[in-house]
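Whole structure, please, built from the sequences with the hints as guidance.
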Amino acid sequence: MANYVHGKTTHRELQRLTGDQMQSRWRTYIKKFWGTLYDSIHRAGLGLTKRDVANGITLIEQKLEARCPEFLRIKVLFSEMSNIKPAGTVDLVSPLGPLS
Numbered sequence: 001m002a003n004y005v006h007g008k009t010t011h012r013e014l015q016r017l018t019g020d021q022m023q024s025r026w027r028t029y030i031k032k033f034w035g036t037l038y039d040s041i042h043r044a045g046l047g048l049t050k051r052d053v054a055n056g057i058t059l060i061e062q063k064l065e066a067r068c069p070e071f072l073r074i075k076v077l078f079s080e081m082s083n084i085k086p087a088g089t090v091d092l093v094s095p096l097g098p099l100s
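Sequential numbering from 1 applies to the sequence shown in the UniProt record's numbering.
Just to be clear, a hint being listed does not mean it is correct.
To be verified - Below, in silico cross-link-like pairs of lysine to aspartate or glutamate (EDC-like), each with a Cα-Cα straight-line distance of 20 Å or less:
(1) 50 <-> 61
(2) 50 <-> 20
(3) 32 <-> 65
As the list claims (entries may be wrong) - Restraint ranges, calculated between C-beta atoms of paired labels, are given here:
(4) 60 <-> 19: 33 to 43 Å
(5) 43 <-> 7: 14 to 24 Å
(6) 77 <-> 24: 26 to 36 Å
(7) 42 <-> 70: 15 to 25 Å
(8) 13 <-> 47: 33 to 43 Å
(9) 52 <-> 73: 14 to 24 Å
(10) 3 <-> 59: 35 to 45 Å
(11) 28 <-> 62: 38 to 48 Å
(12) 16 <-> 69: 39 to 49 Å
(13) 9 <-> 76: 18 to 28 Å
(14) 15 <-> 47: 34 to 44 Å
(15) 9 <-> 43: 34 to 44 Å
In case anyone wonders, no lab produced these hints; they're calculated from the structure. None of the values given here were measured: they were computed from a predicted structure. C-beta: ideal position from N, C-alpha, C; glycine also.
In structure tokens form, the structure reads like this:
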């Protein structure tokens, strides 16, 4: 996939990267994304600190973006994936009726 994107990109800075470098960047972004997403959901203390305010971060969204560039865009991308369905919501009944 990285080689395909590398071959199709028109962005000059990205054209300088190899497919392996693009793949490495993708993995880094995704690792940061999942860590930031986990913390945003499970950490109750993910508020703004004095250091955040001193650095000009005044919203939680800004803090999330500071921890993971393009966090909100990646979150939207993954939340719109229609083929992902939590296992707890899947109907496991056979369409042929009860199995006996």
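Tested hints:
{"no.": "1", "hint": "50 <-> 61", "result": "holds, 16 Å"}
{"no.": "2", "hint": "50 <-> 20", "result": "violated, 39 Å"}
{"no.": "3", "hint": "32 <-> 65", "result": "holds, 10 Å"}
{"no.": "4", "hint": "60 <-> 19: 33 to 43 Å", "result": "holds, 35 Å"}
{"no.": "5", "hint": "43 <-> 7: 14 to 24 Å", "result": "violated, 40 Å"}
{"no.": "6", "hint": "77 <-> 24: 26 to 36 Å", "result": "violated, 19 Å"}
{"no.": "7", "hint": "42 <-> 70: 15 to 25 Å", "result": "holds, 21 Å"}
{"no.": "8", "hint": "13 <-> 47: 33 to 43 Å", "result": "holds, 35 Å"}
{"no.": "9", "hint": "52 <-> 73: 14 to 24 Å", "result": "holds, 21 Å"}
{"no.": "10", "hint": "3 <-> 59: 35 to 45 Å", "result": "holds, 38 Å"}
{"no.": "11", "hint": "28 <-> 62: 38 to 48 Å", "result": "violated, 20 Å"}
{"no.": "12", "hint": "16 <-> 69: 39 to 49 Å", "result": "violated, 19 Å"}
{"no.": "13", "hint": "9 <-> 76: 18 to 28 Å", "result": "holds, 21 Å"}
{"no.": "14", "hint": "15 <-> 47: 34 to 44 Å", "result": "holds, 41 Å"}
{"no.": "15", "hint": "9 <-> 43: 34 to 44 Å", "result": "holds, 35 Å"}
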